[in-house]
Amino acid sequence: MAVADSHDTHDDHHDLYDHGEFIAHHFDSAEQQFDSGKLGIWLFLVTEVLFFSGLFVAYTLYRTNHPEVFEQAHVFLNKYLGGLNTIVLLFSSLTMALGVRAAQLGRNKNCSVYILITMVCATMFLGVKAVEYSHKWDMGILVRSAFNLTYTHPTPTTEIGKALHISDYLVYLCIVPALLLAGFLAASVISKLINKAMLAKFMVAMAITVSGYFLGVVVGVIFMSATDAETGSSHASVIAEQPLMLMASTQDEHDEGDHDEGDHDKAAADPNHEGDHADHEEHFGSHPADGGEASFDAHHPDPSTLSRDVGIFFSIYYCMTGLHAIHIIGGIIALAWLYWRSLLGHWRTDYFGPVDYVGLYWHLVDLIWIYLFPLLYLID
Amino acid sequence: MVDASTRQKLFGTPETNFLNCSKGWKSWAFTLDHKRIGIMYLIGVTVALFLAGVFALVLRSHLFTFDSTMLSDDMYNQMFTLHGAVMVFSFIIPSIPAALGNIVLPMMLGAKDVAFPRMNLASFYLWIIGTGCLLLAILSGKGLDTGWTFYTPYSIDTNTGVIYATFGAFILGFSSIFTGLNFLVTVNTMRSKDQGWFKLPLFVWSLYATAIIQVLATPVLGITLLMLIAEKTLHIGIFDPKYGGDPVLFQHFFWFYSHPAVYIMILPAMGVISELISVYSQKRIFGYSFIAFSSVAIALLGFLVWGHHMFTSGQSLVVTLIFSAITFTVAIPSAVKVFNWLATLYKGSILLNTPMCYALSFIFLFGIGGLTGLFLGALSTDIHLHDTYFVVAHFHFVMVGGTLTALLGGVFHWWPKIWGRMYNDFLGRVGCFLVFSGFNLTFFPQFVMGSRGMPRRYASYDPEFQIFHQLSTVGAFVLGIGILLSFVVLVYAALRGPRCSSNPFRAASLEWQSSSPPDFHNFLQTPVLTDPYDFESQVYDEELDTYIPREFANPDKVAPRKEPVHH
Amino acid sequence: MSEHHDDLPAFCHPVSTKLLFGVFFGLIGLTVLTVATSALGTGLGMPPAFAFPLAMVIATMKAFLVCAFFMHMYWDKSFNVLAFLSSLLFVTLFIGMTMMDTGEYQPTIEAFDINNLANVEVSE
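Residue numbers (this note's numbering), protein chains in the order written: chain A, 479 to 858; chain B, 2 to 568; chain C, 10 to 133.
Derived from the structure by calculation, the hints contain no laboratory data.
One thing to keep in mind: the hints can contain errors.
[To be verified] Taking lysine to aspartate or glutamate and the DMTMM-like style, the derived pairs with C-alpha atoms no more than 25 Å apart in a straight line are:
no., chain 1, residue 1, chain 2, residue 2
1, B, 558, B, 535
2, B, 558, B, 532
3, B, 10, A, 506
4, B, 194, A, 526
5, C, 86, A, 506
6, C, 86, A, 858
7, B, 200, A, 506
Take the sequences, apply the hints, and build the full model.
Structure follows, in structure tokens:
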């Protein structure tokens, strides 16, 4: 504050400047400033933990009261895609930690590289998530009130969807990143033309960051087909129709070749099987456990055998992963700010607080995923 | 000791201070100064108080006769909901911490500002946005009729502006977290050199305890309200029984925040009272560490009692018993405080000025509010009293009789420090008398009504209750006039009051070592660390007509006390 | 394991690259382990009841690694560590107290759905 400085009559006025330009007027030393920020960010993480805790309570409650719902629902989640995302996020944590180290040693250039890698991992995570979400939306796996499982995938109607054989939803989820990518590329060219080299560099980095999203989408789609192919040829017909949008059953276990083809074909052949909501509710009235045993196929449960509350699992799934994704997006914005400051060469051995704080936040986002992954994907 | 000109500079009336060091609306709107932000907060919460107060007067007017047709039933529901929601989320929760605490806390630590000034300003703007969203429920024409608790399943089914209001409360929650987080860090890292935890004024301890709750509990409110919004828009089936959800779970979520939030409201008030009682008795606070730790104990125990709001909700008996038992234990630290205040008053040199009158009112009203809480914490009586006017009276005794009274007392206490001008003590005391008597007239009859079975939140009632409702309505207007009078006295003092010295009441906490009004940086010289309750450390300087620390005084020109201080 | 540079301020503790990579590979190993036990565990004779606790134990080990080394908790002020860990205490309290209760009225909620389905459809 200009006012503050002009008005400053303190003896330690000169000390403020001796400490360096990044020490706010109300702190006495770099250490006091750092300690304040550090405690502040830890307390912020406390609020984040408690913010997520509500969802964990909801999770625990429904898992305790409706274990059958979780048994039935988990087959729709691809644990290999979840595992891939876990590794991507862990790697981003590593590069973040390396970035913090670089900042602590005042190596701004190294720091900027690590932060860029972290951002790319973050967008890649979101890309894989987009594949997962769109896949579920295609099958009618939505929140409780809209849950309407069908094993048919709607035919893509968008031009891109038709050309690439991908879900319309995935196309929609790529619109904003595509616009951002175009915007950043344009901005980098413009910056170059007006001789703002640093800004151009920043915009290029942002474009690279956003392309991480598309990398994630491609990897996700490939990974999904690969893990699905492993599970056998039971739904080869669907694969033939729509090469990239695969069945829910991507799940794994090689020893599960014995499921009933007839049942599955029936479900697939009758897209309106559960179309009528009222009809759907009728089924819910029956005892899912009893009815389920006979025709239960670990990978393609007949929708009518599912508990009527199976949608609640997905409500919780969408709430938890959605909130987590929002935190990732927030993290990317913070990282972009750090990247810009690294380009400006702000970090010094006595001033690296912001990198440290954002790093802690980033690790917390990772930490929450470390728990979400087994809780949502690894139910048996 | 320092020379006379330095003394004049440090403790005399300053030419430049935080109020006039910069001008123009931008110097306020973008200020990072905790004192200016605190004043803006004070103005904000006052607006919220008047708004919600008007809702209350409309309600009370409607209830004047048993067959009143002044408001339709729907309007009545909306009025009490908005009264509750605005009072709780926009007024009481930020009132003492964010307004008074903001101004005083850094100065009590001898610091130049809070640890995160930008976050402090952000907190204020979030408060504005959040309150705006809350009021959008009215402006959108939809209103809000769920009660301030937004209980499911009704809040999911009603077509009123629940989404606006919950989003507003969500934002206000973040505003509150920002303040709390800021205070925790400020107290931890910004204290004066050698200012240990036990040299902090008790107001700081109570704000610290409050901040712990704000940081730990408020995020749960955030996620609860987000889930409610998701439930209302997407029907996720977590709270909505139509989709297999658990409506009582919402109550657990809500009270996990909102019960501790009750202590967000009352703890800072207790801190203010500790300061006032000690200063205006000119006596060391009795049992410092007991009061300090009782604040922390209340904050922590506050997390273990939320189920006592749910005794009749179908909650299991075991949990009910546990919650009831722990509820009784909260009475212990609260009583510790009250006894310590009384012990402080004993043989004190009591100055019955406006702040002290409020402090004494507080002890009386909080005593009643706290003790009636035990009736409600006890299972058998709660079943009878649940959802009656007894509950309404109980929490108004704590929230208004406690928090609002302490806020007014604190504002009067620090008003000369903030503006450098003195209030009219006679009119201030008249205001206090009106507030006290109006308050009792409003809410005492409600205890009687409630115990006779008058349910809360009803737009009409049996004729037998009319006399109590009429007393209550008259009291509400007296209370309103009292608050209005205090408001006028304060505003007049700030603008036209006589100049006052840096420390007119011989207080010993650090904020009184600044000039009145304080400098932009609070202190022109690093303050001398004194025990906040050792009043002997302050001596009367005849030249400056104020109390200053002994270290700064001219030994020839001082007296231990200005004579006569009172009587 | 934190490097000591004489020229660094007291509050600056860079963690060695070696340690960071070590932690990362440990985390990857645990991730593979948890997926593997989930996919194959019951096939190899692990009782199904173990699956969930095992997954949680592995997740907690991973969380420990991230907290201690990536988040520098190992070198941090104990007050900060305490502050963060206290949040877990309150989460436990929140989950614990809520869980103690909710089983009580669950049958009512289930009964509500089934008995009122017709009404529900109308009110929608």
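Verification of the supplied hints:
A hinted pair counts as satisfied when its Cα atoms are at most 25 Å apart, and residue 558/B with residue 535/B qualifies at roughly 21 Å. Between residue 558/B and residue 532/B the CA atoms are separated by roughly 23 Å; this keeps the pair inside 25 Å, and the hint holds. At roughly 23 Å between alpha-carbon atoms, residue 10/B and residue 506/A fall within 25 Å of each other, so this suggested pair holds. Our distance criterion of 25 Å between C-alpha atoms is broken by residue 194/B and residue 526/A, whose separation comes to about 32 Å.
Distance restraint check for residue 86/C and residue 506/A: the Cα-Cα separation of roughly 20 Å lies within the 25 Å cut-off, and the hinted pair is therefore satisfied. In summary, the hint linking residue 86/C to residue 858/A is not supported, as the alpha carbons are separated by about 40 Å, beyond the 25 Å threshold. With a C-alpha separation of about 21 Å, the suggested pair residue 200/B and residue 506/A falls inside the 25 Å cut-off, and the hint holds.
Violation of the numbered hints given earlier is confined to hints 4 and 6; the remaining hints are satisfied by the structure.
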